[in-house]
Each structure stands twice: as structure tokens, then as C-alpha cells.
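The residues making up each chain are set out below.
Number of protein chains: 2
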Amino acid sequence: MGLIDKKRFRSTFEAFSEIGATDAGGLHRVALSEPDVRVRDRFVDALEDLDLAVRVDEVGNVFGRREGTDPDAAPVLIGSHLDSQPRGGRFDGQLGVLSALEAVRVLADHDVETRRPVEVVNWTNEEGTRFKPALMGSGAYTGAHDVETVLSTADDDGVTLAEALEAAGYRGDAPVGAERDPHAYLELHVEQGPVLEDRGLEIGIVEGILGMSWLDVTISGDSDHAGPSPTYTRADALVAAADVVTAVRRLAGRLDDDVVTTVGEFEVAPGSINVIPDTATFTVDLRSYDEETVQAGVEAVEREIEAACDREGTSYTMEEIWRIPHTEFSPEVCDVLERSADAAGCSYTRMIGGAGHDASYLADVTDAGLLFVPSVDGKTHNEREFTEWTDVLAGAELFAEATIRLADGEHPGNS
Amino acid sequence: MGLIDKKRFRSTFEAFSEIGATDAGGLHRVALSEPDVRVRDRFVDALEDLDLAVRVDEVGNVFGRREGTDPDAAPVLIGSHLDSQPRGGRFDGQLGVLSALEAVRVLADHDVETRRPVEVVNWTNEEGTRFKPALMGSGAYTGAHDVETVLSTADDDGVTLAEALEAAGYRGDAPVGAERDPHAYLELHVEQGPVLEDRGLEIGIVEGILGMSWLDVTISGDSDHAGPSPTYTRADALVAAADVVTAVRRLAGRLDDDVVTTVGEFEVAPGSINVIPDTATFTVDLRSYDEETVQAGVEAVEREIEAACDREGTSYTMEEIWRIPHTEFSPEVCDVLERSADAAGCSYTRMIGGAGHDASYLADVTDAGLLFVPSVDGKTHNEREFTEWTDVLAGAELFAEATIRLADGEHPGNS
Chain B
9 MGLIDKKRFR STFEAFSEIG ATDAGGLHRV ALSEPDVRVR DRFVDALEDL
59 DLAVRVDEVG NVFGRREGTD PDAAPVLIGS HLDSQPRGGR FDGQLGVLSA
109 LEAVRVLADH DVETRRPVEV VNWTNEEGTR FKPALMGSGA YTGAHDVETV
159 LSTADDDGVT LAEALEAAGY RGDAPVGAER DPHAYLELHV EQGPVLEDRG
209 LEIGIVEGIL GMSWLDVTIS GDSDHAGPSP TYTRADALVA AADVVTAVRR
259 LAGRLDDDVV TTVGEFEVAP GSINVIPDTA TFTVDLRSYD EETVQAGVEA
309 VEREIEAACD REGTSYTMEE IWRIPHTEFS PEVCDVLERS ADAAGCSYTR
359 MIGGAGHDAS YLADVTDAGL LFVPSVDGKT HNEREFTEWT DVLAGAELFA
409 EATIRLADGE HPGNS
Chain L
9 MGLIDKKRFR STFEAFSEIG ATDAGGLHRV ALSEPDVRVR DRFVDALEDL
59 DLAVRVDEVG NVFGRREGTD PDAAPVLIGS HLDSQPRGGR FDGQLGVLSA
109 LEAVRVLADH DVETRRPVEV VNWTNEEGTR FKPALMGSGA YTGAHDVETV
159 LSTADDDGVT LAEALEAAGY RGDAPVGAER DPHAYLELHV EQGPVLEDRG
209 LEIGIVEGIL GMSWLDVTIS GDSDHAGPSP TYTRADALVA AADVVTAVRR
259 LAGRLDDDVV TTVGEFEVAP GSINVIPDTA TFTVDLRSYD EETVQAGVEA
309 VEREIEAACD REGTSYTMEE IWRIPHTEFS PEVCDVLERS ADAAGCSYTR
359 MIGGAGHDAS YLADVTDAGL LFVPSVDGKT HNEREFTEWT DVLAGAELFA
409 EATIRLADGE HPGNS
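In order, the protein sequences belong to chains B and L. So for the first sequence, our numbering puts the first residue at 9; every next one is plus one. So for the second sequence, our numbering puts the first residue at 9; every next one is plus one.
Derived from the structure by calculation, the hints contain no laboratory data. Any given hint could be a false lead.
[To be verified] So the derived list for chain L, only partly shown, Cβ under 10 Å to chain B, looks like this:
hint: 1; residue: A116
hint: 2; residue: T239
hint: 3; residue: L246
hint: 4; residue: S280
hint: 5; residue: I284
hint: 6; residue: R295
[Unchecked claim] Derived, one-sided and incomplete: chain B residues facing chain L with beta-carbon distance under 8 Å:
hint: 7; residue: D232
hint: 8; residue: V247
hint: 9; residue: V253
hint: 10; residue: F394
This one's a predicted model, so the numbers in the text were calculated from it and none came from an experiment. The beta-carbon is built from N, C-alpha and C at its ideal position, and this holds for glycine as well.
Model the full assembly from the supplied sequences, consistent with the hints where possible.
Right, dumping it as C-alpha cells:
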């Protein structure tokens, strides 16, 4: 039983996955690269095959609209992104767009009437690899990013997003943002973490996304010859920075259960085998759902840097370059997802996500919901990214179920 | 009193220091750069003014020979290097060459007859910045480096040492290496460390140079998204490497009194603010006079890497890329230096040096000696490198005194 056509869904997933496929089974489909343009064309074809009204906005977000019975009702927006990380996986983003496409196909299969229109969307440049920042299309749609700024953003070769969209045929003329805010937004995504797999569950109903702080730190010491400099004379920027890396890791277990901390960028200068480093620059990524915990974390990191610099005779600067509050998804949409999961017979848990998604921006303007399917070994952003097909099907089934509920549709099982 | 002409010595030092001078009071006189060629010309002029027989060997080492009274006696070789680090200091190397020049001028001033010939030398490319490795000219002279290999060594622009020497007019025709090994070699150098300044002494009589091991280490973990990856799932190459940096520092105080340890190169990949590093590569420089301690240090570093990798779930490779035994300078030359210091009324200590010098290679083929003058704040390899002029004069006086003794000269004070 079930709403979705499993065979069709799988063959669609496989056909889309051929566009930009890597030898190792991943996807290399960076935003507005040749394969990203080809997959957009394929997506538009699929929307048109369903007689959806296709529109492309000025930043290249692509929408396919299926009308509802109530001309005054705000639409339900469903989708994700088709671009990938460089040598990324086949599930991140693509699975959400294709689950949304399948949901609308289900509506067509059963001639389901919905009171609300349903719109399928592919957001431009979620990954932010070629054009920065990430979440570009959804951020422009919700007003978080200025449209002109986004359009004039250049890649490393100086090509602007506007030029790349023009060349690709995806510089649309629809204004960016909704004429009226959608009634709800729903997105399916791979978890990109280990929780669902570890707990043996099919579905994560995401109640929110961790808040986050990004810090830039520079530690300054003295460079000296590694041979004739006794330890007591040294002010080694790397020794102090290594202390901080260890301390930052320890904060993850200390501040609160959900805190994760990462030092991702790390460089030393002058970087010569027999010269004591005089400079270490690094970043700190600190996340927690609780905003006071994030603040306490930033303060704890600075105290650790101070202590490390005291010990080593170095000095430091620390700058917070980004702070984002946690995202709280719509409790109503979470309830719909829970009822849909019960109806679809899926195993699930409510959970907090660790990374931002297009749904995070949509939560600023509408009742947004996000559901996760498991990631094997929690792997993401690489070609080994994988989700068991039984889990994919459970997610797509629940997604179709929830879409009908959110759009006030007559459930085909009840007709 | 005293042998040297203090005013002449200082004016010579200042004139030489103008060649390649930096605004900040340092020297930028990389081997066979335009200023290095100019200072060589100035050096040859000074040798010729003393009627010394100048010869240039195939790798550009420049010698000025003053004959002795005994035609069968092996010469005493004295000198150092005139090239500098990029934006380096005025004392490192230059002070040794000019002290040697002053010693021969003292011989001329007083018509001192020595039984042994005295040769003043400027070694090519001690610093090893443009052409690698360091200690190139002295290493070729003593047979540690193959002459053809040295001549075909290219800089970053593909220019070989042979071509650079040819263009500079310093591709000599004298064969590299002595017809017969010198009777002794003597070099004055700045300490490049804090010991003499801290102890308020003018002179260090260097009995040896620390042995050394250089290690290349790579730690491999897993890259993952910084948000949705709980700490228990991580294998963070940087966290493990930071543990090792801390442990390597701790070994300096633990293994033995004279042990110094440095991590100088350190890189992580992929190096993105929200991605857990999967690779950390770094070097370890570990020095001690005792060779068993160096060996124990290498083994201790590997145990620390193993422990860090065990904790973090990472793996590693470690390769020893260079091991050099300690240098032991000639006890006889040390005794001559000590008697000369007593005669010159200098305060001194015997000590062990931390870094290699041209004298280290010379110790392989002759009775070599090295004397240090203090470095203010232990600074070297930068423009702030400084030695108080009173200490410079004490060193030059002792150097002239010792040169006469080593060459079996009639001391002018005794005539």
C-alpha cells in the first residue's frame, strides 16, 4: 500500500543522479555549473509533464504550481535544492526536491483535490560553494539576503550570479519572494548525522536547528630559531593555539549535552620546520540550541584563549564573525508530521538538527517543517553519503502524506 | 690596549652593513642576490688591500691567504658567511667574516709572522634560503655535499647555483675542498639564544652542537559537517594533532635539561570553518646533545601520537626525514680559546650550541672551534637581531688572539 509509486520514484532518483554523477557514486553538481543547469532543465520538464505552472524568479529559484480549489488560499511550498557540494553525495538536497516532485505526482495519480495550491521549489545555490553565502536562493526569497547584492555576487573567476543565471537561461522575471507568504513550507533532507541510524528509526521530525557562533582567532607570539632557543624564552603561537583546540573540544562535553565545537580552519606562520611559529590563526564553530549556552560558550572560549596566552606569553585577538540564533520550526507542522508518520506507519523521533537548511530561512516567514531520513554513518558532503532505500521510501511516503494534510487535500485512501 | 683597531673594525662593520641594508636596520642579502655579490666584491677588495692571495672555488667560496713562515705547515682557516636571511640581521654570519678579516689586519698591523698560513673564508650560501640546503659552501668544501649536485641545485625560478655564480663572476676555478686539510678552523658567530645575555657573559666557547631529529607526521581522521556530528562520532585530525603539539612541548622539559622541541610546520585539510578536519600534517624538530636522548625523544613522540590517535579514532604516519648526530668541537681549540679569553680578559663560559654552523661541517675534517658573542633577547633571523658593541669588540679581540695562537704566531704584545 502507500501513496507513492516506489518504482517511479526510484527511477526518477536514478535518472537525476546521472546528471553530474561521479565515478565514486556521488554528485559533482555545483550551483549553475553545466550539470546543475541540465538537472534544472530536467526538473522543469518534470513539472511541465504534470501541467504545473512553472515560474523562475530573478535569482533562479524554480517553482511549479498546482492550483487548489480555493482561489484565496495561500499555497503550501515544498522542496529543497538540486545543487551539490563539489564531489558531494546524491542525497543532500536532491532527495528533498524529488520527494516534493513525487508528492505532486501522487496528487496527480489520484486526482486529489487540495484546497490550497501546492508549489514545488528548487532553491538556487544552497551549498554556497561557487557563490557565497550558502542558502542563497531561499535567503533571497525570505528577505534575509538583498536581491541586488545576491545578483552581483561573483565567483572566483569574477562571473556574477546574474551573469551565470543569464548564461544558463535561469535569470527569471518573477520577482523574488512570495506575493503572499505560503501557508506552510515542508522540506525533506538527509540527517547528515548519526542519530536516526544509531536509534534504528526511519524519520526525524525536526523541531529546530542549533544556534551558532563563528569565531576568528589570531594568537601572536615570537618566531625564533628552533635550536638555540630554550623553552623558557619561547612564545610559541602554535603551542598556545593547540591548548585552545583541546579546550574547545572539551567545552563540547562540558557546557551542555547538545553542544558541538569545531576548529575547522587552522594555519601557522612562518611555517618553517626549524622556526618557532609566531602566528596561529584559526576558527571556532560552536553550536547549541540554547542561546545562553552559545553565549556562555563564546565567553568560555575567550577565557581559554586568555589562559593559554598567559601560559605561553602570547597575545591574541578574537572576533565573532557570525552569530545565528536557533531556528524553531512550526509546532503545528511538527504535529502534522507526527500524525502523518503515524498514518504512514513510520518509526520516528522528534529531534534538533545541527546544520542550517533552506527550511531555516523559510521558518522566518511561514510555518516551516523539516523531516530527516537517516544518513548511513552520518556521512555527508562526500561521495560516500548514503541512505538506505527503505528509509528513503518511508520519508517520501510521509512527505506525500503530510503535503496532502497541509494542503487540505482529500486523502486518496479515504475516497 | 688590545690587538684590534676598534675604530677600523666598527667602520668596516658599518660599511659592510650598508650593502643590502633594510630600513629597519637589518640585512636583506640572500645568497648570490645583487647585494650579496656587491658585498663579496667589497670583501675581495679588502683581502687584496692586505696583499692576500685571493682564490674562489667552483662553488663560490672565497679565500684570502696570508702565507706563514713554514712552507710545509697546514693553514689555519677562519671565517663565516656574508649572506643573510631574507630581512635578517646584521650580525649573523657577517660578524664572523669581519672578525676574521680584522684578525688578519691585526697580523698586518704588527707585521706578525706566523708559522702557519692564515686563510680568511666567506662560505657560499650558509642560510639556504634561495638554494637549499643550508651550509652549502662549507658542506661542499668538507665533502658532505656533492659538488655537481650543489652546482645543479636550482632556485624557485629554475636558475642553478652554477648559473647564478657565473652571472655574479664567482664561479671560481679553484677545486672545491682543501689540497690538504687545514690545521684548524675557527669561527665567531652570534649565539642566537639567550644564555650569554642571561648570565652576563661576553663569550661562549662552544664545545659542541646539539644533535637533531626532524619528523614528518600526518594524522588522518574523517571530515564531517561541524553541525550535525556529535562529538562521539568524530575523528578530528586537528584535535589529535593538538594533543601531540602539547605533548611534544612537554617532552622538552621531561627528557633532559638540554632538550628543545618545536612544531614549526602545521597544516590542516580541508580547512573549512564548518568542516571537521580529516588531515593534519606537521613537523617535529627535536634536539639534544645526547644521541640516546634524541632517539628516546623520537620514540616518545611516536608514543604520544599513538595515544592521541587512540583517543580520537584517527590514524597516523610518521617519518624521520633527517637525523644528525651532535657536533663535538676540538677540545684543543677550546683550550686555545679559553687561554685566549684569559689573555684578552674576557668573561666566558663553555657551552653547547643549538643550531648548525659552517664550523659544524669543518669539524668533520679538522680541529674546529666556534665562539659565540651574546644575542640581545636571543633574537636572530630577523631585523631586530642585535649584539652590544662592547660584546662584539670582546669577541673580535679574542678571535684575533686565538688566531695568532693557532697559527703559531709571535704575539705582538711579546715582541
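*Report the numbers of all earlier hints that the structure fails to satisfy, in ascending order.*
Of the numbered hints given earlier, those the structure breaks are 1, 10, listed in rising order.
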